[in-house]
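K.L.:
Sequence:
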Amino acid sequence: MRPTSSTDLADLASKVPHVTLGFWIIKICATTVGETGGDALSMSLNLGYAVSTLIFLGFFVVTAAAQVSSRRFHPLYYWAVVVATTTVGTTTSDYLDRTAGLGYVKASVLLSIGVILVLALWRWTTGAISFDRITNRRDEAFYWVTILVSNTLGTALGDFTADDLGLGFQAGALVFAALIVVVAACNAFTRIPKALLFWAAYVLTRPLGATLGDTLTKPLAHGGLDLGRFASSGAILAVMVVLVVGTEWRRAGKLAINS
Numbered sequence: 001m002r003p004t005s006s007t008d009l010a011d012l013a014s015k016v017p018h019v020t021l022g023f024w025i026i027k028i029c030a031t032t033v034g035e036t037g038g039d040a041l042s043m044s045l046n047l048g049y050a051v052s053t054l055i056f057l058g059f060f061v062v063t064a065a066a067q068v069s070s071r072r073f074h075p076l077y078y079w080a081v082v083v084a085t086t087t088v089g090t091t092t093s094d095y096l097d098r099t100a101g102l103g104y105v106k107a108s109v110l111l112s113i114g115v116i117l118v119l120a121l122w123r124w125t126t127g128a129i130s131f132d133r134i135t136n137r138r139d140e141a142f143y144w145v146t147i148l149v150s151n152t153l154g155t156a157l158g159d160f161t162a163d164d165l166g167l168g169f170q171a172g173a174l175v176f177a178a179l180i181v182v183v184a185a186c187n188a189f190t191r192i193p194k195a196l197l198f199w200a201a202y203v204l205t206r207p208l209g210a211t212l213g214d215t216l217t218k219p220l221a222h223g224g225l226d227l228g229r230f231a232s233s234g235a236i237l238a239v240m241v242v243l244v245v246g247t248e249w250r251r252a253g254k255l256a257i258n259s
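Here the sequence shown stands for residues 1 to 259, numbered as in this note's numbering.
Watch out, some of these pointers could steer you wrong.
[Unchecked claim] Here are the simulated EDC-like cross-link-like pairs (lysine to aspartate or glutamate), alpha carbons at most 16 Å apart as the crow flies: (1) Lys218 to Asp132; (2) Lys218 to Asp163; (3) Lys106 to Asp164; (4) Lys194 to Glu248.
[Unchecked claim] Beta-carbon label-pair distances, calculated as ranges: (5) Ala238 to Lys106: 28 to 38 Å; (6) Arg138 to Ala100: 23 to 33 Å; (7) Arg251 to Val109: 36 to 46 Å; (8) Ala100 to Leu21: 33 to 43 Å; (9) Ile25 to Leu196: 17 to 27 Å; (10) Ser44 to Thr190: 19 to 29 Å; (11) Ala141 to Val242: 26 to 36 Å; (12) Arg133 to Glu248: 16 to 26 Å; (13) Thr190 to Arg72: 28 to 38 Å.
Hints were generated in silico from the structure; no laboratory data involved. Each residue gets a CB set at the ideal place from its N, CA and C atoms; glycine is no exception.
Given only the sequences and the hints, what does the whole structure look like? Please build it.
P.N.:
Structure, rendered in structure tokens:
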């Protein structure tokens, strides 16, 4: 058995998963199911954006409480909160864009400012912006608030690209996928702070998921595949669960080998 290093101890204390390719694939699944699930309540069940937002906000509070109260990283709690932020982000963004009448541009600008302000406050309060090791309640609070606002922003950006720019869902998804590749290249070949690149990618994966979700569920006349919001949500959620279980099984195997 090899000795436990300080790095190992920090990893064990952290309440967020390692940022790997698998992490991003699961995150895109979570954002996609957030789009289809949010639309399922607000549109398919005709609950409206305000009521749906309150329901998903309650879901977020419950899952976030479980995540924060846990003493270690728990994949079920973690990814449940991510899904909660994507669903409440979807209905909140739609409420701002449509019911409140802000439109996609104004909502995107306001939410972009919101993300920047949260990150700036995080940096000013703690001295650093983290993403890979969250080991205390203060960083964890900033972490989840940033995710909540960024996922709301991502919904507005996806709708802006698909509707206002007239690119449609498929072309919009390609645009955001290309931007994510640019961020990945910057991560590999530049000295831009990793935390900034992580949060940039986190924002961009949300509109990618939103446009993919709309591609699956919107009517054929609107450029979608009309597969149904509940069926699509269930299928994507099942894929997500399989990926999470597989990732954790692999991580547990590595820990066993190194112990």
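K.L.:
Next, verify each hint and record whether it holds.
P.N.:
Against the structure, the hints:
1. Lys218 to Asp132: Outside the cut-off at roughly 35 Å; violated.
2. Lys218 to Asp163: Holds, at roughly 13 Å.
3. Lys106 to Asp164: Holds, because 12 Å separates the two Cα atoms, which is no more than 16 Å.
4. Lys194 to Glu248: 24 Å, violated
5. Ala238 to Lys106: 28 to 38 Å: Holds: the Cβ-Cβ distance is about 37 Å, inside 28 to 38 Å.
6. Arg138 to Ala100: 23 to 33 Å: Holds - the Cβ-Cβ distance for Arg138 and Ala100, about 32 Å, lies within 23 to 33 Å.
7. Arg251 to Val109: 36 to 46 Å: 39 Å, holds
8. Ala100 to Leu21: 33 to 43 Å: 37 Å, holds
9. Ile25 to Leu196: 17 to 27 Å: 22 Å, holds
10. Ser44 to Thr190: 19 to 29 Å: For Ser44 and Thr190 the Cβ distance comes to about 44 Å; the hint is violated.
11. Ala141 to Val242: 26 to 36 Å: Once the Cβ atoms are compared, 31 Å apart, the range 26 to 36 Å for Val242 and Ala141 holds.
12. Arg133 to Glu248: 16 to 26 Å: Once the Cβ atoms are compared, 18 Å apart, the range 16 to 26 Å for Glu248 and Arg133 holds.
13. Thr190 to Arg72: 28 to 38 Å: 33 Å, holds
In this structure, the hints that do not hold are numbers 1, 4, 10, in rising order.
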